[in-house]
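Chains as they are written, first to last, in the working numbering: chain A, 27 to 333; chain B, 27 to 333.
Some clues are possibly wrong.
If chains are identical, the list can't say which one is meant, so a pair holds when it fits in one copy or spans any two.
As the list claims (entries may be wrong) - In silico lysine-lysine, DSSO-like type, Cα no more than 27 Å apart, as pairs: (1) Lys-309 with Lys-120; (2) Lys-243 with Lys-66; (3) Lys-156 with Lys-89; (4) Lys-151 with Lys-329; (5) Lys-199 with Lys-223; (6) Lys-199 with Lys-294.
Simulated from the structure, these hints should not be mistaken for laboratory data.
Since we're looking at a predicted model, the values are computed, not measured.
Number of protein chains: 2
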Amino acid sequence: MRRRFIIGIDLGGTNLKIALLDLKYRIQDKKVLSTQEFIKKESLILAIIDSINKIIEYNKLKKTNILGIGLGLPGPIDTWRGIVHFFPNIPGWKEVNLKSILEKRLRLPVFVDNDAKLMCLAEYKLGAAKDSNNAVCLTLGTGVGGGIIINGELYRGSSNASGEIGHVPLNEKGPRCNCGGYGCLEAYIGNNRILAKGKRLFKRDISLEELSSLAKKQNRKAKALWKTFAQRLGITLVGMVNLLNPDCIVIGGGVAEAGRVLFDNVRKVILKRAMNVQARQVKIFKAKLGNNAGLIGAAILVKEGLD
Amino acid sequence: MRRRFIIGIDLGGTNLKIALLDLKYRIQDKKVLSTQEFIKKESLILAIIDSINKIIEYNKLKKTNILGIGLGLPGPIDTWRGIVHFFPNIPGWKEVNLKSILEKRLRLPVFVDNDAKLMCLAEYKLGAAKDSNNAVCLTLGTGVGGGIIINGELYRGSSNASGEIGHVPLNEKGPRCNCGGYGCLEAYIGNNRILAKGKRLFKRDISLEELSSLAKKQNRKAKALWKTFAQRLGITLVGMVNLLNPDCIVIGGGVAEAGRVLFDNVRKVILKRAMNVQARQVKIFKAKLGNNAGLIGAAILVKEGLD
Numbered sequence: 027m028r029r030r031f032i033i034g035i036d037l038g039g040t041n042l043k044i045a046l047l048d049l050k051y052r053i054q055d056k057k058v059l060s061t062q063e064f065i066k067k068e069s070l071i072l073a074i075i076d077s078i079n080k081i082i083e084y085n086k087l088k089k090t091n092i093l094g095i096g097l098g099l100p101g102p103i104d105t106w107r108g109i110v111h112f113f114p115n116i117p118g119w120k121e122v123n124l125k126s127i128l129e130k131r132l133r134l135p136v137f138v139d140n141d142a143k144l145m146c147l148a149e150y151k152l153g154a155a156k157d158s159n160n161a162v163c164l165t166l167g168t169g170v171g172g173g174i175i176i177n178g179e180l181y182r183g184s185s186n187a188s189g190e191i192g193h194v195p196l197n198e199k200g201p202r203c204n205c206g207g208y209g210c211l212e213a214y215i216g217n218n219r220i221l222a223k224g225k226r227l228f229k230r231d232i233s234l235e236e237l238s239s240l241a242k243k244q245n246r247k248a249k250a251l252w253k254t255f256a257q258r259l260g261i262t263l264v265g266m267v268n269l270l271n272p273d274c275i276v277i278g279g280g281v282a283e284a285g286r287v288l289f290d291n292v293r294k295v296i297l298k299r300a301m302n303v304q305a306r307q308v309k310i311f312k313a314k315l316g317n318n319a320g321l322i323g324a325a326i327l328v329k330e331g332l333d
Numbered sequence: 027m028r029r030r031f032i033i034g035i036d037l038g039g040t041n042l043k044i045a046l047l048d049l050k051y052r053i054q055d056k057k058v059l060s061t062q063e064f065i066k067k068e069s070l071i072l073a074i075i076d077s078i079n080k081i082i083e084y085n086k087l088k089k090t091n092i093l094g095i096g097l098g099l100p101g102p103i104d105t106w107r108g109i110v111h112f113f114p115n116i117p118g119w120k121e122v123n124l125k126s127i128l129e130k131r132l133r134l135p136v137f138v139d140n141d142a143k144l145m146c147l148a149e150y151k152l153g154a155a156k157d158s159n160n161a162v163c164l165t166l167g168t169g170v171g172g173g174i175i176i177n178g179e180l181y182r183g184s185s186n187a188s189g190e191i192g193h194v195p196l197n198e199k200g201p202r203c204n205c206g207g208y209g210c211l212e213a214y215i216g217n218n219r220i221l222a223k224g225k226r227l228f229k230r231d232i233s234l235e236e237l238s239s240l241a242k243k244q245n246r247k248a249k250a251l252w253k254t255f256a257q258r259l260g261i262t263l264v265g266m267v268n269l270l271n272p273d274c275i276v277i278g279g280g281v282a283e284a285g286r287v288l289f290d291n292v293r294k295v296i297l298k299r300a301m302n303v304q305a306r307q308v309k310i311f312k313a314k315l316g317n318n319a320g321l322i323g324a325a326i327l328v329k330e331g332l333d
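So that you can see chain A by itself, here it is in the shape it has in the complex (with noise of 0.2 Å):
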């Protein structure tokens, strides 16, 4: 019997991550690549070919063990199409259709899909909102991230574009966003911005994993910092507990290493200040997949994709 295998493919703005899983969506092989060299649209699509068929070759299988692609894109896709609208942090892409572009090259079938809805995908099916229903899945790091699960499936919207809690207003005035708009979620606790506080609280520069580690010291500066960080996290969280009544919210991405004085803070904002029934309804979780999340939802996409 033929093994059968899927590539997952998680581009990022600096890496792009390679894996062979098997049919269960456990990772058989994986590699990292740094795509800041790739500067032009076409060579870093030609290193994307290059590194699918490099992993077939490593692992010696040939194109016929491979079931299709999945990949997990940083901006707008329409996923039914194939479509890449454009990428916030990676110039020259506008509107391509990757999806054709590789299966003509590879002659693969491909799926091509937003990163933070592949690892809510990936979360729901196998990680921390196994168990969910409705659930809200968040990615912190540099952009905020999000997904939705809707009675038992991930919920795209009208263009694929659904989920972007990152982008819900957290104040009505507020600092201008990436994304064009103003006081987005996103704006007040991207990565960027914790760095840029705890430079400014330390005098220093300073790591996320370093104020992750002096908060759990019980340092005062860092844990105060954490702690309006919860806050604002918190209060978006809020109007998604009292909007979309969900069972639980699975917040992930390296941020969320940060432990308790996130969780417990946000826990007691959503306690205080969100509605009653819904506050009650809803359990808030670290995810369990980790880095590995948007790979595994890659793997995900394909096989629901031909099934």
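Position chain B against the provided structure of chain A, taking the given hints into account.
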């Protein structure tokens, strides 16, 4: 052949509307009674039963002509078990199984749900959101109610408490809201707030109707008032557009009568501040069914519940 009807009831803090509808949701008869005299829970339940018996009798029908009774209720409702959790503006109701109480006394199928959800259902099945797949509906009144259509179905959430757009925070620090939260949209744009602002501006009591008609006559102060109102509503809707990527938003309730000064400004804010892909997708409509939306929604609830 026996003629079949549905009875729809829309209970508010000030009055109770009851209607007899045919199976195409056309209203055949309608009565309105004041509910303010019924201070006690039991007397309000008796008034509901009495109004049902009377509308059957007046129309020379028998119970066998009635398919069922639907009730839209002003608070959080467990529609599956038929329980009223509580009413924010009617005292004395706490975890009341209104469905079973009414079914025992009336010997007819009874369905209960939140009033804003039923208005949304009606606008989706027969009104402004008819051709929509993913819609957000709002009713602007003393409170700001809402409902969400997802993939062609009313989205209820995990405890039938979804859709509370009025209780999405507009600012992280803001006025205390009736719901217990802070800075909720409703705390800024509920009718009482507009009336209080109108009174301050015009130095006399002034009705919503007059404020609307003054704005239509280009009165500067009235226009500025509605513009601020539309701006705030628009910013919350930016969040809905980015998060839910709906194809339409339906705005109803008395305040929607303000007309263009409201709708034009809401559209302007969304185009300016929402994310591109989502903003291009969404249309903003005025609700079509007016005061009857709740009654029609209650009848739809019965018919779909029995199907």
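- Message: Flag every earlier hint the structure violates by its number, smallest first.
- Response: 2, 3
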